[in-house]
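Taken in order, these protein sequences are the chains called A and B. Under this note's numbering, the final residue of the first sequence carries the number 606; numbering is consecutive throughout. Under this note's numbering, the final residue of the second sequence carries the number 399; numbering is consecutive throughout.
The set of hints was computed from the structure by calculation and includes no laboratory data. We treat Cβ as the ideally placed atom computed from N, Cα and C, and that holds for glycine. Please note that a few of the clues may not be correct.
Said to hold, decoys possible - Covered stretches of chain B (chain A as the covering partner; in silico rule of three or more C-beta atoms under 8 Å from a C-beta of chain A):
#1 89 to 99
#2 117 to 130
#3 245 to 259
#4 290 to 304
To be verified - Here are a few chain A residues that face chain B, going by a calculated C-beta distance under 10 Å:
#5 ASN20
#6 GLY229
#7 SER231
#8 ALA264
#9 ARG267
#10 LEU270
#11 ARG271
#12 SER278
#13 GLN444
#14 LYS453
#15 SER454
#16 LYS485
#17 TYR489
#18 GLU493
#19 THR559
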Amino acid sequence: MCGIIGCVNPDGGTREVLMNGLANLDYRGYDSAGIAVADGGIEVAKREGEIDRLQKQVTARSDTLDGPAGIGHTRWSTHGPPTDANAHPHTDETGDVAVVHNGIIENYQSIRDELEADGVEFVSETDTEVVPHLISKFRDDGADPQTAFRRAVERITGSYALAVVFEDHDAIFATRDGSPLVIGVDEDAAFLASDVPAFLEYTRDVIYLEDGQFATLRPSGVEVTESDGTSVDPSVTTVEWSADQTAKSGYNHFMAKEIHEQPASLRQCLRGRVNELSGSVSVEELSDIDSPESVQLVACGTSYHAALYVARLFRAHGVPAQAHLASEYVTAPAPFDSDSLLIGITQSGETADTLSALREAQRRGASTLAVTNVVGSTAARECDHVVYIRAGPEIGVAATKTFSSQLATGNLLVEKLCASGTKRTSESTRELIPALRDLPNQLQSVIDNSTAKSVVEEYLDYDAYFFIGRGLHRPVALEGALKFKEITYEHAEGFAAGELKHGPLALVTQRTPIFAVVTGDGERAQKTISNIKEVQARDAPVVAVTDGQSEVRRYANHTLEIPQTHPRIAPVLANTQLQLVAYHMADRMNRSIDKPRNLAKSVTVE
Amino acid sequence: MTIDTAVILAAGEGTRLRPLTTHRPKPMLPAGNIPILEHVLNSLVEAGISEIHLVVGYQRVRVQNHFGSTYRNRPITYHIQHTQLGSGHALLQANETIETDFLVLNGDQIVTEEMIETVSSSHTATDTATLGVVESEKASQYGAVELNDNRITEFIEQPTDDEYRLLNAGVYVFGPSIFAALERTFQEQGRLSLPETIRDLTTDESAVRGVVTESPWQDATYPWDLLSVMQTLFDQNRIGDETTEQSPGVFSDQTATIHEDATLRPPVIVSADTVVGPQAVLGPGVAVGENTTIGAGAVLTNVLVDSDTRVGQNATLIDTVLGQGVHLGPGVIIAGGPADIRIDTKVHEDCDLGGVIADRATVGGGVTVASGSLVGSAATIQSNAHIDGNIPNEAEVLR
């Protein structure tokens, strides 16, 4: 939510770096964008709308918009609607200082009242605008840029990542507290951004700024200090992602690319972690973690659906486990004891709600584990343990490949943490390992053979779309509905199959198709088939996702087939079919698939 | 002249390689343990090409997924040929993105960097086109040329007699004017063939240069050719590298798990995440793709195993091609060639082929496969059955 980019580059080309960075960050927000470049004075270009509108404005302008230091911003509105005036960067009245900000300044109103009482004129409705005016005020009092910036930051409370340029300095001043900020270092240039892909094409050597730290980027190098001013020797790490992983490579949408990438991302997730010869699972990151007596999982959105799935796996292994929505968890945390483990699942490792739940648990003494995709992210650094899902960068706002990797990682986690040595467990592990190794190719076969594209043609223009599943397929039903509503903007809901008759059945008509996930032919499958008959009796069309073992085909108008596999792996394959349903429906409806309205990828405000 | 841009034609299926091409185009079939197209791109990169254009079509996502948007740091631009209307039509898809002289290669034929360099450096600004030519007795199966003092005087696609000895290697350098020439070419039933355009250029006395090279040139026309391509690549040291070489001619990725009681006989390569059980014997002449499982006691000689495949315990496989995600039960026997094989209406005699099992076929335990059998994609063969001949895609064979 909101993306920041900055670049110090004495040789020029700053504008290009900023515009490329914004293009790479626009999954973080895309309702307005802007850049500011310092070169004796400060030139600002900003625009409501997507980045190509800004690009047109920038190209059309007569001034160069280039210089040794610059900052840029892509916005996802929190305070004030998307307008040119509310777009970042924001400047003071003289235009000598420009600021970009990600996060929320909670006490902005009181500061604004105070500044306005002093005669300062505000031009936007944002919380951010108080920052340049504060800095300007301290500058007028005689403070140097660094001091003025620090004094302004001392005044604000809330969550923020801030980057500032001054008209007469070849430098960027930055800090963070609660919002992500990463610095990239190169031989004669320095970068900063909310996320690594923004500058990945220029450097892979990065410094992760900690909460409360300040950084000054100059052509001569990067200086990091603590909030009290003591100097820090920052550790530089090299990220493994490459720039080409963040390009569309011939696909129309990142989402399509990422759905199709799942065989490869799952391979990456499982590499070196399952050993078929010894029949065991090993996860290097978890070599020193104790088996928990009970588990709580916190997550949001798609990651929450993964958490529901993982909680079930733990329970099946006899470990009490519950999944919680992170934003709700903090309002009334579940009780836990010293042998409990709190697991936070977050793709970006920056999800504010999840971080705050993890911090609350840490404060109360719980042991924490982050399941994340981003090395060096806040969750990865703050938790006691971390396991990486290794899905590679995900750009589409609707999560796809990271969900399948979260489910696969969940299986590894459970095998690793619940290795009680009982005969039953080892048997189930022996069956699971070949199934995990077969998963990449089976998922490829789902993609190769899916009829989702033709099936959605039959279901255009219906009133609402419902998704049902039982057991491990309930998270799939919820995720299927979430994906569908995110990118088609059609009304979609996921239900536990057995819950339909306790209320939602009232919504079911011949204008509400039901997507039902049914695999195997056991008791659960039979019960779900009974639920299907209930909706059929109300004339609702049924699309069954099935491995062909039960007779569900007889009761379905259409089927989407998946190969037979281990019951724990079937949800990954079934989900792929529902990803394709959502994608093809949205594509058919000409929706903005990679950037659905009102949504942003990593939500870094609570 | 120095050439830095290349267009690779990778849009066609390669129907003669069915059933292996059911889910992917021929350029993505394995030459050793990596796709044919990856060898082509390696040669291009070694030859100094910095800009890569891939024309994709049939099952194109397989190409896009494998290579992404760069290869060895060279940017890849994808051009989509929505219907396969010939090689000339494929090349036209890259029109308007290229303004200099550029290379054109087939994505399904393995050429060396030497050939690419020789053709590029022979090309001059006054040439409309320059063609790589090799001496081969197979000339009559492909495109044959006649040369007179470095000028192509005659260009014949698949000549009916076999008096020709010079073969068009499918390595071209063109000036941008080729696009106009393509648009002028007569289209037979909507199909536009690149050789047809070149033939027109030779007859209207445009400057078409031919360069004879002695570089090896390889094409897999039929499924069993994949085995000889693999053997040739082993012989030329074009499979594996120092980082994975465990002993002379034995290559295995560090993420592979090989039981200490398994035997690897050179030349052999085992890829990432692969598991080889105790007492298995791989080689000589075996390439195993990634995430593959070779069961205890399995014996493989002259076998190509593509990724994600499982070979059951004590299976015996000779002269065999296994596709992706194939499941072979325990004790399956494919005893090797030679065999007579029917492809469409033509019978190929004395081919060195035990069998081809296409992607995701499941072959039950104890099945015996007669020499030269082709088992289709996703076919299911029940345990202890005997297979002889061609099994269609998705067919089920009961005992």
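Okay, the hints, checked on the actual structure:
Only when three residues or more bring their CB closer than 8 Å to a CB of chain A does the claim for the segment 89 to 99 of chain B stand; here the count is 0, and the claim is violated. A count of 0 residues in the segment 117 to 130 of chain B with a Cβ less than 8 Å from any Cβ of chain A is obtained; the coverage claim is therefore unmet, three being the minimum. Counting residues of the segment 245 to 259 of chain B whose beta carbon lies closer than 8 Å to any beta carbon of chain A gives 3, which meets the minimum of three for the stated coverage. Remark: the segment 290 to 304 of chain B is confirmed as covered by chain A, as 3 of its residues place a Cβ nearer than 8 Å to a Cβ of that chain, reaching the required three.
Interface restraint check for A:ASN20: the shortest CB-CB distance to chain B comes to about 14 Å, outside 10 Å, so the restraint is violated. Using the Cβ-Cβ criterion of 10 Å, the hint placing A:GLY229 at the interface with chain B is not satisfied: the shortest such distance is roughly 42 Å. The criterion of a C-beta within 10 Å of any C-beta in chain B is not met by A:SER231, whose closest approach is roughly 36 Å, and the hint is violated. The interface hint given for A:ALA264 is met, as the beta carbon of that residue sits about 6 Å from the closest beta carbon of chain B, less than 10 Å.
A cut of 10 Å between beta carbons decides the hint on A:ARG267: the least distance to chain B is about 6 Å, and the hint holds. Given hint, A:LEU270 at the interface with chain B, holds; its Cβ is 8 Å from that chain's nearest Cβ, closer than 10 Å. Taking 10 Å as the C-beta cut-off, the interface hint given for A:ARG271 holds, the closest approach to chain B being about 6 Å. Annotation: interface hint on A:SER278 holds; nearest CB of chain B at approximately 8 Å, less than 10 Å.
Satisfaction of the interface hint for A:GLN444 is found here, the shortest Cβ-Cβ separation to chain B being roughly 7 Å, below the 10 Å cut-off. Interface restraint check: A:LYS453 against chain B, minimum CB-CB distance 13 Å, threshold 10 Å, status violated. The restraint placing A:SER454 at the interface with chain B is violated, with a minimum CB-CB distance near 17 Å, outside the 10 Å limit. This hint is violated: A:LYS485 has a C-beta 26 Å from the nearest C-beta of chain B, more than the 10 Å allowed.
Proximity of A:TYR489 to chain B is violated relative to the hint, the smallest CB-CB distance being about 26 Å (cut-off 10 Å). A least Cβ separation of about 31 Å between A:GLU493 and chain B goes past the 10 Å threshold, and the interface hint is therefore violated. Interface restraint check for A:THR559: the shortest CB-CB distance to chain B comes to about 16 Å, outside 10 Å, so the restraint is violated.
This entry does not satisfy hints 1, 2, 5, 6, 7, 14, 15, 16, 17, 18 and 19, going by the numbered hints stated previously.
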